[in-house]
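**Student:** Protein sequences appear in the order of chains A and B. 1 is the number of the first residue of the first sequence in our numbering; add one for each residue after it. 1001 is the number of the first residue of the second sequence in our numbering; add one for each residue after it.
A hint or two may mislead.
Unchecked claim - Ranges between beta-carbon positions, derived for each pair:
#1 B:Gln1254 <-> A:Asp276: 47 to 53 Å
#2 B:Leu1094 <-> A:Gly277: 52 to 58 Å
#3 A:Asp309 <-> B:Ala1144: 40 to 46 Å
No wet-lab data here; the hints were simulated from the structure. The structure displayed is predicted, hence computed values, not measured ones. Just so you know, even glycine gets a beta-carbon here, dropped at the ideal spot from N, CA and C.
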Amino acid sequence: MKKPFYLFVASLVAILVLAGCVSDQNVSSSDSEGENNESGEDEKLTIAVVPKLVGIPYFNASEQGAIDAGEELGVEVIYKGPTEADAAQQVKVIEDLISQDVDVIAVAPNDPASLTPVLKKAKEEGIHVMDWDTPADKEVVELSVHQIDDEQYGRHVTDLLVENMGKEEGKIGLLTGGLSAANLNAWIEGAKMQAKEEYPGLEFVIDKIATDEKQQVAYQKTLNLIKSYPELEGIMAFSTPAPLGAAQAVQEQGMQDDISVVGTALPTDSKPFLDDGSLDVATLWEPDKLGFLTVYLAKQLAEGNEIEDGMEVPNIGEVEVWDDNKTVIMGPPTDFTKENAGDYDF
Amino acid sequence: MKSLSKESILGLVTLGVIILMSMIAPGFLDLGNIYNMMFQLPEFGLLTLGMMVIIITGGIDLSITYVAALSGVIMAIMISSGVFLPFAILVGVLVALACGSLNGFIVSKIGVSPILVTLGTMVLFEGVILSITKGTSISGFPAAYNLIGNGYIGGVVPLSIIIFAAFAILTAVLLNKTEWGRQVYMLGSNPVATLFSGVNNSRVLMKVYLYGALLAAVAAIIMTSRYNSAKVDLGSSYLLQSVAAAVLGGTEIQGGYGKVIGTIYAVIIFQVLSNGLNLLGVDSSLVTVIMGAILIFVLTLNFATHTFRNKKQVAGQA
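Work out the full structure, taking the sequences as your base and the hints as a guide.
**Tutor:** Given below as structure tokens:
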């Protein structure tokens, strides 16, 4: 066992010596940039839209919107994302898009910090960088598309819950997709703020409960919650699978009239639960519109057009632009109830 | 007729895939894209090597990416709060080794089956990371640290691929040239016979899990530096991929066989395929389907040649 040990030490030393001559630039980076700028001048604009992951209803709906926008606006849209919501996978997808020499990359980050280096690299290659759905590093992106004003949205969820409980006090529980999701946390903050300021009688029985973005987990946790707090009167659930799991538990326990559930879910998924009242109301923006808006704004960005507050976007309506000239808010959420949930196809 | 070994077949497959992709995928051979792949490969390669060594003993380590994440998170916390860099890295490696020794202890001394032990420790480490980070990601490292995953040596070769190459060579030497390495293979093919040959099985196993954890820690260093952050699910998508790549590389899942070169070929195949298919604009879910199909194809091919050869041997003896 002595020999390999020396070998190990020797290789470590070698690494340390080599580390002395490490730089963040490769010799050839300057000329490869020149090539990139030449190509694609007279071709169609190529806009890459990167979701957090592919293959879930929410991001499928936004894909549809993005692709429709591509057809309508005459740009090529590449909609590509990781198959798992893992930051490492997402970085790879973006790196490969840089190799494909696209004009704009719009990304919905799984972990904003982890994308900073690769987005910087994209910018160095002359690619426009923006985020959508979830904000990335503010310093890097040129444009940030938000579906909603996070705080207002959170407040709206609390209002909905109170409205459906029919009273302004009572014990309530709160489910979330994951403890680290920045957008969910911002909504929860808004929801709690609203409860504190407007409805001091509302009592959160326990801190937010993580459900791993899974309906099954949300269902289990809700069962536990109902068991531990039999006097529970309301549940607010954030992230799209959580309200479904919560409603499923309420439905199974036959407590539709005792516990009000509101949350952020897609209408088609929610419909069965909305129908029997286990889910009272779901509220969300329309993800296909978000995909459309992202591509629309990406095109504006690539063409160097100004983006201003109150500008009219086809299919979307007026959008709000913040003073930083970077943040765009799509508009207020849509509430899905028993009556209208059937009208949507996502 | 001299027949080709598993590894040589795989080498030819690798070559074929590379040639195919350079013909059909636009921009595959661009310098930028080649660098791109060289930066993507090391973290996955290191985890796969770690997984391979453990699989050779007939075990599996389902906690490997969480060992990496835990050590990455600890390093990230220390580095972002300004602790001396080499010291922070050392602590990170020690944390990984502690995780490895926990796995090793339960597997080797208590004798619980590795898949159960590491399933348990996977959840355990995940919980520990969650309670440390509260699920948030930790970022904000000095530029010097980011060079490990993003820097070039002499402006030409990515540092991370050199680190990977160094550990690949180290693993090959350890497995083939040392007493421990031979014992790892023996233990994998027949633990009882190995024990009766006077080998201290549990000591060998312990070192296997420690070595796997060491590789996980190195992968963690590269990942945290490359992604500029550490988080509970850091590299979690590599978990089953690393098992798949190790097995594709010819490692016997029952243990007893597995070569570094085969594993490297397998990692390259995965890398080239995913990159090439991305460049071709193939849908991500279809990429996964194609990867799965190729995995099954190569495994079937290996199995078929193996049984064919065995039959021939039997026929030759008769």
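**Student:** Where does the structure disagree with the numbered hints, that is, which hint numbers, in rising order?
**Tutor:** none
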